[in-house]
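Trainee: Listed below are the residues making up each chain.
Number of protein chains: 2
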Amino acid sequence: MNQQYPSVLLEKAVDEFSKLPGIGKKTAMRLVLHLLRQDKSAVESFGNAIITLKREVKYCQTCHNISDTESCQICSNPQRDHSLVCIVENIRDVMAIEATQQYRGVYHVLGGIISPMDGIGPSDLEIQSLIDRVQAGGIKEVIFALSTTMEGDTTNFYIYRKLEKSGVDMSVLSRGVSVGDELAYADEVTLGRSIVNRTKFKTTL
Amino acid sequence: MNQQYPSVLLEKAVDEFSKLPGIGKKTAMRLVLHLLRQDKSAVESFGNAIITLKREVKYCQTCHNISDTESCQICSNPQRDHSLVCIVENIRDVMAIEATQQYRGVYHVLGGIISPMDGIGPSDLEIQSLIDRVQAGGIKEVIFALSTTMEGDTTNFYIYRKLEKSGVDMSVLSRGVSVGDELAYADEVTLGRSIVNRTKFKTTL
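As you go down the protein sequences, you meet chains A and B in turn. For the record, in the first sequence the residue sitting at position 122 is 122 according to full-length UniProt numbering, with numbers rising by one throughout. For the record, in the second sequence the residue sitting at position 130 is 130 according to full-length UniProt numbering, with numbers rising by one throughout.
Worth flagging that the hints you see were computed from the coordinates, not collected in a lab. Model, not experiment: these values are computed from the prediction. A couple of the hints might just be wrong.
Lysine to aspartate or glutamate pairs mimicking DMTMM-like chemistry, simulated, CA-CA at most 25 Å apart [unchecked claim]:
| id | chain 1 | residue 1 | chain 2 | residue 2 |
| --- | --- | --- | --- | --- |
| 1 | B | LYS25 | A | ASP68 |
| 2 | A | LYS165 | A | ASP181 |
| 3 | B | LYS25 | A | ASP39 |
| 4 | A | LYS165 | A | ASP153 |
| 5 | A | LYS19 | B | GLU11 |
| 6 | B | LYS19 | A | GLU16 |
| 7 | A | LYS12 | B | GLU98 |
| 8 | B | LYS165 | B | ASP132 |
| 9 | B | LYS25 | B | GLU56 |
| 10 | A | LYS25 | B | GLU56 |
| 11 | B | LYS140 | B | ASP81 |
| 12 | B | LYS140 | B | ASP118 |
| 13 | B | LYS58 | B | GLU126 |
| 14 | B | LYS19 | B | ASP124 |
| 15 | A | LYS40 | B | GLU70 |
| 16 | B | LYS26 | A | GLU98 |
| 17 | A | LYS40 | B | GLU141 |
| 18 | B | LYS25 | B | ASP39 |
| 19 | A | LYS162 | A | GLU188 |
| 20 | B | LYS165 | B | GLU126 |
| 21 | B | LYS25 | A | ASP15 |
| 22 | A | LYS58 | B | GLU11 |
| 23 | B | LYS12 | B | GLU44 |
| 24 | B | LYS12 | A | ASP153 |
| 25 | B | LYS26 | A | GLU151 |
| 26 | A | LYS165 | A | GLU89 |
| 27 | A | LYS58 | A | ASP132 |
| 28 | A | LYS26 | B | ASP81 |
| 29 | A | LYS40 | B | ASP124 |
| 30 | A | LYS12 | B | GLU44 |
| 31 | A | LYS140 | A | ASP81 |
| 32 | A | LYS25 | B | ASP132 |
| 33 | B | LYS40 | B | GLU11 |
| 34 | A | LYS26 | A | ASP15 |
| 35 | A | LYS140 | A | ASP118 |
| 36 | A | LYS19 | B | GLU16 |
| 37 | B | LYS12 | A | ASP15 |
| 38 | B | LYS12 | A | GLU16 |
| 39 | B | LYS58 | B | GLU89 |
| 40 | B | LYS140 | B | GLU126 |
Excised from the complex, chain A in its bound form:
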């Protein structure tokens, strides 16, 4: 549908919204009209929040997580185990792991995974800074927590080869049947790995 907008300003706003992933022209129009019905202050608060974020956000110099300061809350926390580094793709993964409250180490955010199809090579990611970080010493173990996809495995392997000689321990998240899942519905590969990597029966978590 080739629609004519009654206002150039409206068209511009709809265009900007429809650039967002998963948002088409119709949804963009709905969102813009919703915002138009709000107070002027609410709309300015919306627009400024994202501009301010982009302008003022910092990335932690150690782990490259998003932060309001030069060193993020996790890296600057003396109670965390700084000898244990979990390698993740992006800050959403950091938040997901933090939400489990099971991890007391620190992170290293790669900013993506190696994906030649999308033109992302090792130099586009924070891999060199990870190697430098390991070589600087003080790190006993790195945990690979990337997606279990072809790209994730490639990235794991690439980093493994780079760190192999450093003598640091390397581990990977355990894979298996999800908690609460019925066996009959688990896929074969996952179930197969669950059996091969079975753990000792414990009466506590």
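We have chain A; now place chain B onto it with these hints.
Mentor: Relative to the frame of chain A, chain B by itself:
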């Protein structure tokens, strides 16, 4: 999931996005991270588009459609038939009717429909301005083009009663089986109306 955000600025931006209709915290996070990966100028252009729209947008003084000027493109077009007024809920309906290229009259945008459940009464809508417009003369026919819902019918009826004595012609959009639809899948009410309101067979549209 009670997530801890690594940055206050990030949390603020995610909060603002998740206020939009149909957008939850997870989608908001995805959109904000997408914007963070864009250039600074692209992000400012996004934020400013919506702020500028809200600050500078005007509503046509005649039909209340969104406009960049005091009188909208349609109302200020001398080639449109100003004696024919189509009553619609919002500007999306104006755009939908304009896209058909079948209508040469002008519009009156109510800004909603009467909906006591949502606390929207006649005085919250541009109904009085419609009555004034009809009473000022020069209008021969008004076309009701509101939703065929309870609220739409209520609004139609309310306006009908108000305009009854003005002597203006009043019509309503024809309802019937959609073009391209199979009869077997049309709902009973629509199909029933299609039979009752059948039109003379014509070999042209």
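Trainee: Next step is simple, just say for each hint if it's right about the structure.
Mentor: Comparing the hints with the structure gives:
Distance hint between LYS25(B) and ASP68(A) is fulfilled; the C-alpha atoms sit about 20 Å from each other, no more than 25 Å. Proximity of LYS165(A) to ASP181(A) is assessed by CA-CA distance (about 39 Å); at most 25 Å being required, the pair is judged violated. Using a Cα cut-off of 25 Å, the hinted pair LYS25(B) and ASP39(A) holds, with the two alpha carbons roughly 22 Å apart. At most 25 Å may separate the alpha-carbon atoms for a hinted pair to count; LYS165(A) and ASP153(A) meet this at roughly 19 Å.
Annotation: proposed proximity of LYS19(A) to GLU11(B) holds, straight-line Cα distance about 22 Å (limit 25 Å). Using a Cα cut-off of 25 Å, the hinted pair LYS19(B) and GLU16(A) holds, with the two alpha carbons roughly 18 Å apart. Among the hinted pairs, LYS12(A) with GLU98(B) is consistent with the structure: their alpha-carbon atoms are about 19 Å apart, no more than 25 Å. Straight-line distance between C-alpha atoms of LYS165(B) and ASP132(B) comes to about 13 Å, which keeps the hinted pair within the 25 Å bound.
At roughly 30 Å between alpha-carbon atoms, LYS25(B) and GLU56(B) are farther apart than 25 Å, so this suggested pair is violated. Only pairs whose Cα atoms come within 25 Å are accepted, and LYS25(A) paired with GLU56(B) is accepted, the gap being roughly 22 Å. Restraint check for LYS140(B) and ASP81(B): satisfied, since their Cα atoms lie roughly 10 Å apart, inside the 25 Å limit. Annotation: proposed proximity of LYS140(B) to ASP118(B) is violated, straight-line Cα distance about 33 Å (limit 25 Å).
With a C-alpha separation of about 15 Å, the suggested pair LYS58(B) and GLU126(B) falls inside the 25 Å cut-off, and the hint holds. Between LYS19(B) and ASP124(B), the direct Cα distance comes to roughly 23 Å. Compliance with the 25 Å bound is thereby established for this hinted pair. Simply put, LYS40(A) and GLU70(B) have alpha-carbon atoms about 20 Å apart, close enough for the 25 Å limit, and the pair holds. For the hint pairing LYS26(B) with GLU98(A), the CA-to-CA distance comes to about 16 Å; that is within 25 Å, so the pair holds.
A hinted pair counts as satisfied when its Cα atoms are at most 25 Å apart, and LYS40(A) with GLU141(B) does not qualify at roughly 37 Å. Of the pairs offered as hints, the one joining LYS25(B) and ASP39(B) holds, with about 23 Å between alpha carbons and a cut-off of 25 Å not exceeded. Of the supplied pair hints, the one linking LYS162(A) and GLU188(A) is violated, its CA atoms being roughly 32 Å apart against a limit of 25 Å. A distance of roughly 19 Å separates the Cα atoms of LYS165(B) and GLU126(B); the hinted pair therefore holds under the 25 Å criterion.
Between LYS25(B) and ASP15(A) the CA atoms are separated by roughly 23 Å; this keeps the pair inside 25 Å, and the hint holds. For the hint linking LYS58(A) to GLU11(B), the alpha-carbon distance of about 14 Å falls within 25 Å, and the restraint holds. Annotation: proposed proximity of LYS12(B) to GLU44(B) holds, straight-line Cα distance about 16 Å (limit 25 Å). Simply put, LYS12(B) and ASP153(A) have alpha-carbon atoms about 34 Å apart, too far for the 25 Å limit, and the pair is violated.
Straight-line distance between C-alpha atoms of LYS26(B) and GLU151(A) comes to about 23 Å, which keeps the hinted pair within the 25 Å bound. Our distance criterion of 25 Å between C-alpha atoms is met by LYS165(A) and GLU89(A), whose separation comes to about 23 Å. Note on LYS58(A) and ASP132(A): the hinted pairing holds, with a Cα-Cα distance of about 21 Å set against a maximum of 25 Å. Restraint check for LYS26(A) and ASP81(B): not satisfied, since their Cα atoms lie roughly 29 Å apart, outside the 25 Å limit.
Taken as a hint, the LYS40(A) and ASP124(B) pair is honoured in the structure, with Cα atoms around 19 Å apart against an allowance of 25 Å. Of the supplied pair hints, the one linking LYS12(A) and GLU44(B) holds, its CA atoms being roughly 13 Å apart against a limit of 25 Å. Our distance criterion of 25 Å between C-alpha atoms is met by LYS140(A) and ASP81(A), whose separation comes to about 10 Å. Straight-line distance between C-alpha atoms of LYS25(A) and ASP132(B) comes to about 35 Å, which puts the hinted pair past the 25 Å bound.
As the CA atoms of LYS40(B) and GLU11(B) are separated by approximately 19 Å, the hinted pair is consistent with the 25 Å bound. Distance restraint check for LYS26(A) and ASP15(A): the Cα-Cα separation of roughly 11 Å lies within the 25 Å cut-off, and the hinted pair is therefore satisfied. With a CA separation close to 33 Å, the supplied pair LYS140(A) and ASP118(A) exceeds the 25 Å bound. At most 25 Å may separate the alpha-carbon atoms for a hinted pair to count; LYS19(A) and GLU16(B) meet this at roughly 18 Å.
About 23 Å separates the Cα atoms of LYS12(B) and ASP15(A), which keeps this hinted pair within 25 Å; it holds. Simply put, LYS12(B) and GLU16(A) have alpha-carbon atoms about 20 Å apart, close enough for the 25 Å limit, and the pair holds. A distance of roughly 17 Å separates the Cα atoms of LYS58(B) and GLU89(B); the hinted pair therefore holds under the 25 Å criterion. In summary, the hint linking LYS140(B) to GLU126(B) is supported, as the alpha carbons are separated by about 19 Å, within the 25 Å threshold.
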